[in-house]
Amino acid sequence: MSGGAHHALELTAPAGDPDSPVHRLDPRAKIVGLVTVTLVAVSAPLSAWPVLAACALALAAVAAPARVPPAALWQRVRVVLPLVIVVGIFLPFVRTGGERWKLGPLTVHEQGLEVLGAVASKATIGALSAALLLATTGFPAVLRGLDALRVPRVFVLITGFTYRYLFVVAAEVGRMRAAVMARGYAPRTMLRSGAMGRVAGALFLRTHARGERVHRAMLARGWSGSMPQLSPLALRAADGAFVAAILIPLVALRVALGVAA
Amino acid sequence: MSCAVHARRLSYSYPDGRAALDGLDLQIEHGERVAVLGPNGAGKTTLMLHLNGLLRGQGELEVAGVEVGPKTLTELRARVGLVFQDPDDQLFMPTVGEDVAFGPLNMRLERDEVERRVAEALAAVRMAGATGRAPYQLSMGERRRVAIATVLAMRPALLVLDEPSANLDPRARRELLDVLELVEGTMLVTTHDLPLAAELCERAVILAEGRIVADSRCEQLLGDPQLLAAHDLELPAGFELGAIARRPRPGGQTVVGGLPLGA
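Quick note, the sequences are listed as chains A and B, same order. Under my numbering, the first sequence has 35 at position 35, and the numbering climbs by one with no breaks. Under my numbering, the second sequence has 248 at position 248, and the numbering climbs by one with no breaks.
If we strip away everything but chain A, and leave its shape as in the complex, we get (with noise of 0.2 Å):
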């Protein structure tokens, strides 16, 4: 396995400390309470700054008592946010209305300025909640939290199987690569790389062929259609408790800020 995979499958793994009130919680909690954050700040009107504040703030009350590093937190949140550098980097220019300033050929629009921010803002708290969730809860509890609330259990079993094959698939792509290059493969055009395309269908082919093998194994232990669980999941006080402390006060704001807008 490439050092590249491994690094980046552990961006899912958990961290801070195992033993807090917070990662003892029924994954179910967390998803709900954590979702609930990100809704909220998505829903929020582009200059609710409260809203945001607020949210922002339900996250830091969640991971100080975990323990969750930022450092940690930041390396899983800075994989998203290129993307929204590059969705919003033009809006300060193109977006029109308040306050205008020159920076050379280009005008820099006051309007424009604020709904980059507050889309960064929106995007980084939803890349939060998300990190958190799996910092806090790992990525098997949150499967098994997501089937428990009734998630469609397609849904579920792939994004498990995902997990689980991504980075076998890319493992093979990566050794399907290296070996066209090792025989002096080396387009100078995008025209040119037919050979990435067969690599792409020989891909395909394998990939297949280990879908069938996997569910062959599956029958071999006896499935039969559905996924047990080895113990099932109780929510206890403190899990209700969390999801009030975080549902109320920020639906509550949201409500309050909406009216009044």
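Hints were generated in silico from the structure; no laboratory data involved. Hints are supplied without guarantee of correctness; some may be wrong.
Quick partial rundown of chain A residues pointing at chain B, CB under 8 Å, derived from the structure [to be verified]:
| no. | residue |
| --- | --- |
| 1 | F139 |
| 2 | T162 |
| 3 | R216 |
| 4 | W223 |
| 5 | G225 |
| 6 | A234 |
| 7 | A238 |
| 8 | G240 |
Backbone N, C-alpha and C fix where the C-beta goes; we use that ideal spot for every residue, glycine too.
Let chain A serve as the given structure and place chain B on it in line with the hints.
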């Protein structure tokens, strides 16, 4: 009810018409360890898939006391454990513990019993403590041993291993042998690794073009260079059959240097 495997005139053709099994006869008693040798494409994997009802051909087939048929699949799969060649195919759950629990849960066992079996199976392959780890965090040798644990947890009457030593470095191969030597019960091992077959199995059969063409004691079969060469098999250079020391079987006979002790 007496045999672990009873196959008579077993035939199977792939949809493209190629015959993979062609009137195969094989009889394996309870408690035997049998190596299935043969060149690539001889039908070894096809045979293995039949033993678990994953493929169905013509002819008689009774495995672990169960007549193979659509009605007996659940029972059959609880009694026959297949360990596939690529552990990445076998380990499909997010964590090792969930994967080992998969088979026992499909058998609808009680939760305590499932937990007991998971712990027991992982201990048997020396992977206790790996419960919460993800398969991608394991080395090839560790993955192979966990794959064996996923099947041991079902306590099969017959354990079938497909190329268990493929892609293993010498040390991981040794660790695998140490684990397999302690596994009780009937075992069928398809392999190209003749020293592994010699160390693990008392009996060996050669499968060629879908039929059993040789069947005898492992030492005898591996000591016949002409027979091996005729079926694209070869012992490593300098390998001495007499130097193989088979460990005492759990509950079985002790065999050293190809001879049973006290014989």
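Quick rundown of the hints versus the structure:
1. At a threshold of 8 Å, the smallest CB-CB gap from A:F139 to chain B is about 6 Å, leaving the interface hint in force.
2. Interface hint at A:T162: violated, since its Cβ lies 11 Å from the closest Cβ of chain B, which is beyond the 8 Å cut-off.
3. With 8 Å as the threshold, the beta carbon of A:R216 comes within range of chain B, its nearest partner Cβ sitting at about 6 Å, so the hint holds.
4. At about 6 Å, the closest approach between the beta carbon of A:W223 and any beta carbon in chain B falls short of 8 Å, and the interface hint on this residue holds.
5. Hint on A:G225 is violated. Least Cβ distance to chain B is approximately 10 Å, over the 8 Å limit.
6. For A:A234, the interface hint is violated, since its Cβ never comes within 8 Å of a Cβ in chain B; the closest pair sits about 13 Å apart.
7. Interface restraint check: A:A238 against chain B, minimum CB-CB distance 22 Å, threshold 8 Å, status violated.
8. Interface restraint check for A:G240: the shortest CB-CB distance to chain B comes to about 25 Å, outside 8 Å, so the restraint is violated.
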